[in-house]
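**Student:** Single-letter residue listing:
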Amino acid sequence: MSTTLLDPVAPPRQEIRQPRRPPYLPWFLLSAAMVILGVLTGFPLVRLVAMSFQEYERAQLMGQPAQWVGFDNYAAILTDVDGFWTVLARSFVLMVVLVVVTIVFGMLVALLMMRVGKGMRLLVSVGLLLAWAMPSLAATTVWGWLFDTQYGVVNNLLTTITGDRWFGYSWLLDPLSFFVIVGCIVVWGAVPFVAFTLYAGLTQIPEEVIEAAQLDGANAFQRFRLIQLPYVRSIVTVLVVLSMIWDLKLFTQVFVLQDIGGDRELTSTIGVYIYQTGMAQGHYGVASAIGVVFVIVMLAIAYPYVRRTLREEEL
Amino acid sequence: MIKIRKRLADTGFGALAIMVFVLSAFPVYWMVSTSFLPNNRIRGENLAFFPTPDVFTLDNYRAAIFSPRAPFPPAVLNSIGVTFLTLVIAVVVGFVAALALTRFQFKGRRTFIVMILVVQMIPGEAMIISLFRIIDGWQLLNTIIGLTLVYAAGVLPFTIWTLRGFVNGVPKELEEAAMIDGCSRAGAFWRVTFPLLAPGLVATGVFAFIQAWNEFVTALVIMQRPDAMTLPLWLRTFVQATQATNWGAVMAASVLIAIPAVIFFLIVQGRMTGGLVSGAVKG
Numbered sequence: 085m086s087t088t089l090l091d092p093v094a095p096p097r098q099e100i101r102q103p104r105r106p107p108y109l110p111w112f113l114l115s116a117a118m119v120i121l122g123v124l125t126g127f128p129l130v131r132l133v134a135m136s137f138q139e140y141e142r143a144q145l146m147g148q149p150a151q152w153v154g155f156d157n158y159a160a161i162l163t164d165v166d167g168f169w170t171v172l173a174r175s176f177v178l179m180v181v182l183v184v185v186t187i188v189f190g191m192l193v194a195l196l197m198m199r200v201g202k203g204m205r206l207l208v209s210v211g212l213l214l215a216w217a218m219p220s221l222a223a224t225t226v227w228g229w230l231f232d233t234q235y236g237v238v239n240n241l242l243t244t245i246t247g248d249r250w251f252g253y254s255w256l257l258d259p260l261s262f263f264v265i266v267g268c269i270v271v272w273g274a275v276p277f278v279a280f281t282l283y284a285g286l287t288q289i290p291e292e293v294i295e296a297a298q299l300d301g302a303n304a305f306q307r308f309r310l311i312q313l314p315y316v317r318s319i320v321t322v323l324v325v326l327s328m329i330w331d332l333k334l335f336t337q338v339f340v341l342q343d344i345g346g347d348r349e350l351t352s353t354i355g356v357y358i359y360q361t362g363m364a365q366g367h368y369g370v371a372s373a374i375g376v377v378f379v380i381v382m383l384a385i386a387y388p389y390v391r392r393t394l395r396e397e398e399l
Numbered sequence: 665m666i667k668i669r670k671r672l673a674d675t676g677f678g679a680l681a682i683m684v685f686v687l688s689a690f691p692v693y694w695m696v697s698t699s700f701l702p703n704n705r706i707r708g709e710n711l712a713f714f715p716t717p718d719v720f721t722l723d724n725y726r727a728a729i730f731s732p733r734a735p736f737p738p739a740v741l742n743s744i745g746v747t748f749l750t751l752v753i754a755v756v757v758g759f760v761a762a763l764a765l766t767r768f769q770f771k772g773r774r775t776f777i778v779m780i781l782v783v784q785m786i787p788g789e790a791m792i793i794s795l796f797r798i799i800d801g802w803q804l805l806n807t808i809i810g811l812t813l814v815y816a817a818g819v820l821p822f823t824i825w826t827l828r829g830f831v832n833g834v835p836k837e838l839e840e841a842a843m844i845d846g847c848s849r850a851g852a853f854w855r856v857t858f859p860l861l862a863p864g865l866v867a868t869g870v871f872a873f874i875q876a877w878n879e880f881v882t883a884l885v886i887m888q889r890p891d892a893m894t895l896p897l898w899l900r901t902f903v904q905a906t907q908a909t910n911w912g913a914v915m916a917a918s919v920l921i922a923i924p925a926v927i928f929f930l931i932v933q934g935r936m937t938g939g940l941v942s943g944a945v946k947g
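Chains R and E supply the protein sequences, listed in that same order. Mapped onto this note's numbering, the consecutive letters of the first sequence carry residue numbers 85 to 399. Mapped onto this note's numbering, the consecutive letters of the second sequence carry residue numbers 665 to 947.
These are computed hints drawn from the structure, not numbers from a lab. C-beta: ideal position from N, C-alpha, C; glycine also. Heads up, a few of these hints could be off.
To give an idea of the chain R side of the interface with chain E (calculated C-beta under 7 Å), a few residues [claimed, not checked]:
id, residue
1, T125
2, L207
3, G211
4, A217
5, A222
6, L350
7, A371
Computed far set for chain E versus chain R, every beta-carbon distance over 10 Å [stated by the list, open to error]:
id, residue
8, R669
9, F677
10, P715
11, D723
12, Y725
13, A727
14, V740
15, R773
16, I808
17, V856
18, F880
19, A917
These stretches of chain E come out as covered by chain R in the derived footprint (C-beta under 8 Å, 3 or more residues) [what the hints assert, rightly or not]:
id, segment
20, 678–691
21, 745–751
22, 883–897
Could you build the full structure based on these sequences and the hints that come with them?
**Tutor:** This is the structure:
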């Protein structure tokens, strides 16, 4: 590669000519990335769309040719109120709740970090970093253990505090408390990123502005609402979009908590539902149709973020 | 009076800070603590909150590593293999692509960048079905190559995007100065620009490492045979509800998986928030 970058003629000293470079050179440099992305993202996407229009079941896996069935798979999922629509609604409600809770907690922690002294701030940072660094799968097993039915420390503490017998209380069996634990895992893991980012943004607000407001008699809440929040509004927007994307994609936490002891029927989110429909039950065509809908939804959510990034980079 | 109020508030916020620390650190602490405690001390009335020397044990790690459900050694080797290959491909291919996008002006450049951004938003969870069929068609199910290819494609958009930012950060004038001093174009690049990019390459590499090391969904679909499992799949076998869960072993297994991820994460954490904030605050 280094030879292709070499000039055909060494430029004379003291004079830089813009060396003539063959127009295919950038494409040559991009070729490896294009092959990998084309073959392992582009092609699977095309194949996904194709499969969503085919009857693709276990028999097709064994080699039987797949029949084209038009929009049958889409008709099947779009009329499936108990299945597809319920899962979609569940995923969306969960996403909204998780995003709101994450952003609110993240903002509160960021404000707290602004308010406390250096030592306390370091302490908070260490805790946040630990939570942030944990792989989501390990985080799921740990929270599963904290809330374990028989021996979990949460049931243990609740028994000690309330005096009632909490041993044997299953948090995962009831869908609502199942999602409370999913929420704990997700929020616990996501707040550090939000808090650090917002904190970094808040520290860039010039101190004079805050002081001036203070002199004018603005109380802490007014200072937050009228000065700090408008300053970091664009950061909050990005964080909300990113959180929406991450929380809608939720897979590992839900899937593994179901393993530990949840009801798959009542707790699946869209990613898990695709896996169940396709890989577990063998309805590959239907699962592909759900996948296509999922991709469209995600791109719609990401659209403002992509546009904003392009504008900011002045492309 | 005002002084007293301020001190009260300080104490209150200090207490809140400690609470935030405890809430975020406790699950991690509990994982480590449980992993070193014998089975009769992690539950019931006998619960130990700290692995003191008299109860400290490595039995859980023994149980995890010699688990009969899923063998540990192949899982480690598979994870290391896939992670290492993904990292190398992501950094090398991503770097070369970033060069093309920053140091050259050509038709289609903008289109490529937009494509990278859009591709990044496609959820891998939606694609598992067709990926499964494609990898199966190539006879690459249960192989390190198959999983690595999928991972490489998954992390490439982000690596290209990030490295593009890093290369952009090194001014072209530096290279030109070196060329005035008699360096060839390639020489100027390798001697001046490349060393300045080292932190960017490390950060990107670590990102690829963490992604590949922690990834779960795709591995679940592609690595189905027990001897082909990566570490996350291996950990999952411990909690599948076929029999009573041995939580001590689960926590030991979780620690084993978390350690490399946490260490590498701490190396680059400073860079994770920087990009989003720079230039994002009005002022």
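**Student:** Was A727 of chain E rightly flagged as not at the interface, with every chain R Cβ beyond 10 Å?
**Tutor:** Holds, because the least Cβ-Cβ distance between A727 of chain E and chain R comes to about 15 Å, which exceeds 10 Å.
**Student:** Confirm or reject the coverage of the segment 678–691 of chain E by chain R under the rule of 3 or more residues with a beta carbon closer than 8 Å to the chain's beta carbons.
**Tutor:** holds (count 11)
**Student:** For the restraint on L207 of chain R, tell me whether the closest CB of chain E is nearer than 7 Å.
**Tutor:** The hint holds - L207 of chain R has a Cβ within 7 Å of chain E, the shortest such distance being about 5 Å.
**Student:** Non-interface claim for D723 of chain E: all C-beta distances to chain R beyond 10 Å?
**Tutor:** holds, 17 Å
**Student:** Is the coverage entry for the segment 745–751 of chain E by chain R consistent with the three-residue Cβ rule at 8 Å?
**Tutor:** violated (count 0)
**Student:** Could you check that no beta carbon of chain R comes within 10 Å of the beta carbon of I808 of chain E?
**Tutor:** Per Cβ check, I808 of chain E is outside 10 Å of chain R; nearest 15 Å; holds.
**Student:** Per the stated criterion, does the least C-beta distance between A917 of chain E and chain R lie above 10 Å, as a non-interface residue requires?
**Tutor:** Its Cβ does come within 10 Å of chain R, the nearest being 8 Å, so this is violated.
**Student:** Does F677 of chain E sit more than 10 Å from chain R, CB to CB?
**Tutor:** Incorrect as stated: the minimum Cβ-Cβ distance to chain R is 5 Å, not above 10 Å.
**Student:** Under 7 Å is the threshold here; is the Cβ of A222 of chain R close enough to any Cβ of chain E for the hint to stand?
**Tutor:** holds, 4 Å
**Student:** If we take the beta carbon of V856 of chain E, is the closest beta carbon in chain R still more than 10 Å away?
**Tutor:** holds, 14 Å
**Student:** Minimum Cβ separation between V740 of chain E and chain R greater than 10 Å?
**Tutor:** Consistent with the label, V740 of chain E stays out of reach of chain R, its closest Cβ about 15 Å off (over 10 Å).
**Student:** Quick check on the hint: L350 of chain R CB to chain E CB, less than 7 Å?
**Tutor:** Nearest chain E Cβ about 16 Å off; hint violated.
Hints 6, 9, 15, 18, 19 and 21 from the earlier list are contradicted by this structure; the remaining hints agree with it.
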